[in-house]
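Number of protein chains: 2
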Amino acid sequence: MPHAAAATPQLLRRVNAQAVLRHIRGADVATGTELMALTGLTRASVIAVCEDLIGRGWIVELDQPRNEPHAGRGMPPVPRKGRPARRFAFNREAGFVLGLDIGAATTTAAVADLRGRVIGRSSGSFRAADIPALERIGVVDLACRKALEAAGADPGRVLAVGAGIAAPVDRDGNVLVTQRFWSLFDVGLRSALKELHGWTVLLENDANLAALGERWRGSGVGVDDLVVLLAGERLGAGVMESGRLLHGRGGAAGEMGYLDMVEGVGSSDGIAALVRQWSAADGGPSAGGPASAPRVFADAAAGDATALAILDRISERMARVIASIASLINPEQVVIGGAVAESAGVLLPGITALLPRFTATPPRVTVSPLGDAIVTAGAVRHALDYVEANALELALPAPA
Amino acid sequence: MPHAAAATPQLLRRVNAQAVLRHIRGADVATGTELMALTGLTRASVIAVCEDLIGRGWIVELDQPRNEPHAGRGMPPVPRKGRPARRFAFNREAGFVLGLDIGAATTTAAVADLRGRVIGRSSGSFRAADIPALERIGVVDLACRKALEAAGADPGRVLAVGAGIAAPVDRDGNVLVTQRFWSLFDVGLRSALKELHGWTVLLENDANLAALGERWRGSGVGVDDLVVLLAGERLGAGVMESGRLLHGRGGAAGEMGYLDMVEGVGSSDGIAALVRQWSAADGGPSAGGPASAPRVFADAAAGDATALAILDRISERMARVIASIASLINPEQVVIGGAVAESAGVLLPGITALLPRFTATPPRVTVSPLGDAIVTAGAVRHALDYVEANALELALPAPA
DNA sequence: GGCAATATATTTAGCTTGTATCTAAATTAC
DNA sequence: GTAATTTAGATACAAGCTAAATATATTGCC
Chain A
11 MPHAAAATPQ
21 LLRRVNAQAV
31 LRHIRGADVA
41 TGTELMALTG
51 LTRASVIAVC
61 EDLIGRGWIV
71 ELDQPRNEPH
81 AGRGMPPVPR
91 KGRPARRFAF
101 NREAGFVLGL
111 DIGAATTTAA
121 VADLRGRVIG
131 RSSGSFRAAD
141 IPALERIGVV
151 DLACRKALEA
161 AGADPGRVLA
171 VGAGIAAPVD
181 RDGNVLVTQR
191 FWSLFDVGLR
201 SALKELHGWT
211 VLLENDANLA
221 ALGERWRGSG
231 VGVDDLVVLL
241 AGERLGAGVM
251 ESGRLLHGRG
261 GAAGEMGYLD
271 MVEGVGSSDG
281 IAALVRQWSA
291 ADGGPSAGGP
301 ASAPRVFADA
311 AAGDATALAI
321 LDRISERMAR
331 VIASIASLIN
341 PEQVVIGGAV
351 AESAGVLLPG
361 ITALLPRFTA
371 TPPRVTVSPL
381 GDAIVTAGAV
391 RHALDYVEAN
401 ALELALPAPA
Chain B
11 MPHAAAATPQ
21 LLRRVNAQAV
31 LRHIRGADVA
41 TGTELMALTG
51 LTRASVIAVC
61 EDLIGRGWIV
71 ELDQPRNEPH
81 AGRGMPPVPR
91 KGRPARRFAF
101 NREAGFVLGL
111 DIGAATTTAA
121 VADLRGRVIG
131 RSSGSFRAAD
141 IPALERIGVV
151 DLACRKALEA
161 AGADPGRVLA
171 VGAGIAAPVD
181 RDGNVLVTQR
191 FWSLFDVGLR
201 SALKELHGWT
211 VLLENDANLA
221 ALGERWRGSG
231 VGVDDLVVLL
241 AGERLGAGVM
251 ESGRLLHGRG
261 GAAGEMGYLD
271 MVEGVGSSDG
281 IAALVRQWSA
291 ADGGPSAGGP
301 ASAPRVFADA
311 AAGDATALAI
321 LDRISERMAR
331 VIASIASLIN
341 PEQVVIGGAV
351 AESAGVLLPG
361 ITALLPRFTA
371 TPPRVTVSPL
381 GDAIVTAGAV
391 RHALDYVEAN
401 ALELALPAPA
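Listed in order, the protein sequences are those of chains A and B.
Numbering-wise (this note's numbering), the first sequence opens with residue 11 and increments by one.
Numbering-wise (this note's numbering), the second sequence opens with residue 11 and increments by one.
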């Protein structure tokens with residue numbers, strides 16, 4: 011046990027600067043008086059903190075607005091008396107973050123400014139599922155560079171990279187060593203992006219990022235006890251309790267592959283996979299051809315009895331899974347996300363009706379509005395969380 | 011949003027005092043030089059902090075030890091050179107805490123000093139299960155007073171009371187309103203003990219407290235991702251992830267009553283209840299009479315086939331429950347505690363062998379060594395956590 | 001017993017960050 | 001143009017920390 015970081019006077023400035031920065035980031039533009047009220051600091055301190063933050067590049071001082079009393083489309087239509095206030099604004103282009111969704115078949119990169127607005131996006135496909143890690147990394151890197159180019163963002167100004175993969179990732183961002191493939195990829199990706207661009211890569215499980223995304227901009231905004239089921243081909247859960255992601259010992263929290271062995275169903279199948287399996291077992295869809303998930307959903311909408319029966323089975327299965335989660339975690343809300351989320355809306359009434367049979371504490375169940383972007387949204391949020399938590403430690407690159 | 015508590019210079023002292031107090035509490039006695047190394051502060055600051063803590067009653071300065079170079083049975087057999095150091099010690103009798111286990115039939119109160127040593131204990135029984143809340147509170151209060159008397163502790167010096175009940179309790183210590191009985195009891199208990207003695211009561215779910223206790227002084231010491239199954243008459247889980255207790259939205263996390271509906275078994279039965287049910291169904295134990303859990307365990311140890319079969323069924327059931335937990339939470343360790351914990355040791359090999367069939371991430375499974383005291387131990391720990399977190403806000407009563 | 005070596009204690013000066021208070025500046029309203 | 005209002009800036013000072021110099025108490029050795 012070496013030093014436990016003594017609290018020196020500088021700590022005060024850090025704490026207060028964080029508070030001021032947080033408020034300015036939320037409000038976009040703030041005056042000294044506002045910040046005094048919000049932080050409880052004196053004007054002198056607020057100003058000192060702001061000058062500090064300006065020096066670090068995190069905020070900028072706006073020049074006085076023209077002599078237009080109620081002009082501007084923004085906030086202040088009120089004709090203000092008194093000496094005009096200095097106005098400080100968050101420098102949303104102090105840098106950028108990247109959010110990556112690295113799947114088995116494809117990868118997507120999203121570039122966002124520091125307020126989380128996505129300003130560039132690009133995808134790439136892997137030649138095959140078993141390509142070497144190095145080739146996979148190449149595809150990821152290309153997607154990143156194309157997304158940055160589309161956004162007109164300098165790669166040197168990327169402050170953090172959030173990346174989601176479909177494997178257990180522990181609290182420190184390390185992949186479970188038993189997952190040989192991803193484990194190698196992990197190390198390679200981080201060192202490659204560090205070496206090529208100097209980026210810090212924050213790895214997370216994709217379902218966990220989906221939970222972050224859903225709580226940020228999905229149907230779970232403001233919900234502290236939230237579970238997101240990423241239920242496309244696979245089935246994984248991202249669990250937030252009291253606003254924190256759960257990882258468990260090896261990052262495998264929410265890896266429900268085996269949860270349904272009681273039913274004897276194949277381990278980690280999501281909705282799309284189940285629909286395929288079960289419709290094949292039932293003799294395929296009405297008009298032959300491959301029984302894709304969208305097809306079965308369409309047939310059910312048209313009243314096809316076989317398709318409806320399959321959806322009923324799916325609903326019950328989902329209800330059982332959600333009930334297990336409800337019994338152990340007691341979330342306020344469960345969100346179904348992933349590739350089939352839009353179609354899954356029709357399952358909601360059935361699931362909701364079944365839940366009370368399986369659990370004493372049924373959560374609200376909704377469907378994600380984020381579609382394909384659910385993981386990248388969460389990855390962006392994850393990167394932003396890192397940047398916000400470490401703002402005062404990060405050295406911003408000089409502005410363009 | 012009023013003030014967000016500006017960081018003033020006083021904050022530094024609070025942070026540093028907390029750090030110093032934590033170290034002294036852990037080490038029992040510490041010198042200025044030790045504290046400098048541990049906290050990273052200067053000697054001047056360390057001394058100032060210590061004087062401060064002495065003034066508040068949290069630590070005391072020991073007078074210089076006699077001139078006995080290697081004397082004492084304690085630490086310093088090393089003949090020390092130089093000017094002797096001032097020695098500061100944690101004042102373990104600055105106050106006391108109470109830990110309560112409030113069950114359906116009985117209640118137990120434990121008194122502990124501020125290092126957690128239990129120095130008094132007393133139990134009481136309820137006349138019936140459905141007695142009015144007020145009478146129940148009276149029994150609890152009596153147990154508290156008797157335990158304090160046994161400890162020779164002044165009720166006025168109780169700094170916090172941890173209390174465990176067999177009902178969902180949310181993060182703020184409130185009982186789920188749907189639990190009418192406990193919900194009334196909750197309010198009554200807190201206001202009664204506040205009014206009678208001025209005590210602050212911290213309510214928690216009993217399984218959650220069991221988890222705290224097990225991580226403190228049981229078989230899960232140092233394990234951050236720990237689940238404790240309180241499996242006597244009922245079955246409840248206390249879940250810790252990353253060293254924090256999980257509550258969920260309404261405090262019902264770990265209330266697994268319905269988790270086993272897949273097997274059609276009665277909802278929230280623990281091991282003892284199951285043994286009774288199943289042995290009754292199988293025609294009772296070899297020698298007639300009530301098929302109590304200890305009896306079945308004894309019969310199994312003697313080789314009785316029926317009893318062994320029952321224990322096998324119990325093992326599989328526990329394995330399934332633990333596997334569900336492992337899939338969702340991925341704990342490092344699961345501890346089985348409660349009334350039957352000692353006997354449950356014989357189940358461990360069976361459970362451990364089955365686990366890999368039901369989950370990809372099987373945890374270590376152990377049996378609690380804490381016996382009946384598991385909940386009171388956790389309740390004491392809960393109260394101590396509160397006292398330690400709020401030490402600098404609590405005004406200590408003047409010493410006796 | 002006296003003295004060097006050693007470890008700790010205490011004092012003093014100075015830095016950072018904060019508060020409190022007073023005065024100056026810039027704008028609106030009349 | 002002047003008063004009222006609101007914010008800015010400057011000055012004095014308090015809390016808490018560091019750093020460096022000085023003082024004190026003990027051991028070990030001659």
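Keep in mind the hints are simulated off the structure, nothing from the lab.
Don't take every hint at face value.
Facing chain A, according to a computed beta carbon distance under 8 angstroms, are these residues of chain B, among others [to be verified]: (1) A54; (2) S252; (3) S302; (4) A312; (5) T316.
Ranges between beta-carbon positions, derived for each pair [to be verified]: (6) B:R24 to A:T43: 47 to 53 angstroms; (7) A:R374 to B:I129: 45 to 51 angstroms; (8) A:D382 to B:V128: 38 to 44 angstroms; (9) B:I129 to A:A58: 32 to 38 angstroms; (10) B:S302 to A:E352: 43 to 49 angstroms.
Short derived list, chain A residues pointing at chain B, Cβ under 8 angstroms [what the hints assert, rightly or not]: (11) A15; (12) T41; (13) V149; (14) G253; (15) E352; (16) S353.
Note that CB positions come from ideal geometry on N, CA and C, so glycine has one too.
Hint check results:
1. Interface hint status for A54 (chain B): violated, as the beta-carbon distance to the closest one in chain A is roughly 12 angstroms, over 8 angstroms.
2. Hint status for S252 (chain B): holds, given a least beta-carbon distance of 7 angstroms to chain A, under 8 angstroms.
3. The criterion of a C-beta within 8 angstroms of any C-beta in chain A is not met by S302 (chain B), whose closest approach is roughly 28 angstroms, and the hint is violated.
4. The criterion of a C-beta within 8 angstroms of any C-beta in chain A is not met by A312 (chain B), whose closest approach is roughly 33 angstroms, and the hint is violated.
5. About 26 angstroms separates the beta-carbon of T316 (chain B) from the nearest beta-carbon of chain A, more than 8 angstroms, and the hint is not met.
6. Taking the beta carbon of each, R24 (chain B) and T43 (chain A) are about 28 angstroms apart, not inside 47 to 53 angstroms as hinted.
7. Range check, R374 (chain A) to I129 (chain B): Cβ separation about 48 angstroms, and the 45 to 51 angstroms hint holds.
8. For the hinted restraint 38 to 44 angstroms between D382 (chain A) and V128 (chain B), the CB-CB distance of approximately 57 angstroms leaves it violated.
9. Between I129 (chain B) and A58 (chain A) the C-beta distance comes to about 52 angstroms, which lies outside the given range of 32 to 38 angstroms.
10. About 56 angstroms separates the C-beta atoms of S302 (chain B) and E352 (chain A), a value inconsistent with the hinted range of 43 to 49 angstroms.
11. Taking 8 angstroms as the C-beta contact cut-off toward chain B, the hint placing A15 (chain A) at the interface holds, the least distance being around 6 angstroms.
12. A distance limit of 8 angstroms between C-beta atoms decides the matter here; for T41 (chain A) the minimum to chain B is near 16 angstroms, and the interface restraint is violated.
13. Checking V149 (chain A) against chain B: minimum C-beta separation of about 28 angstroms lies over 8 angstroms; hint violated.
14. A distance limit of 8 angstroms between C-beta atoms decides the matter here; for G253 (chain A) the minimum to chain B is near 11 angstroms, and the interface restraint is violated.
15. A hinted interface residue such as E352 (chain A) counts as satisfied when its beta carbon comes closer than 8 angstroms to some beta carbon of chain B; here the least separation is about 26 angstroms, so the hint is violated.
16. Here the hint on S353 (chain A) is broken, as its CB sits about 26 angstroms from the closest CB of chain B, past 8 angstroms.
Checked against the numbered hints above, the structure breaks hints 1, 3, 4, 5, 6, 8, 9, 10, 12, 13, 14, 15, 16 and satisfies the rest.
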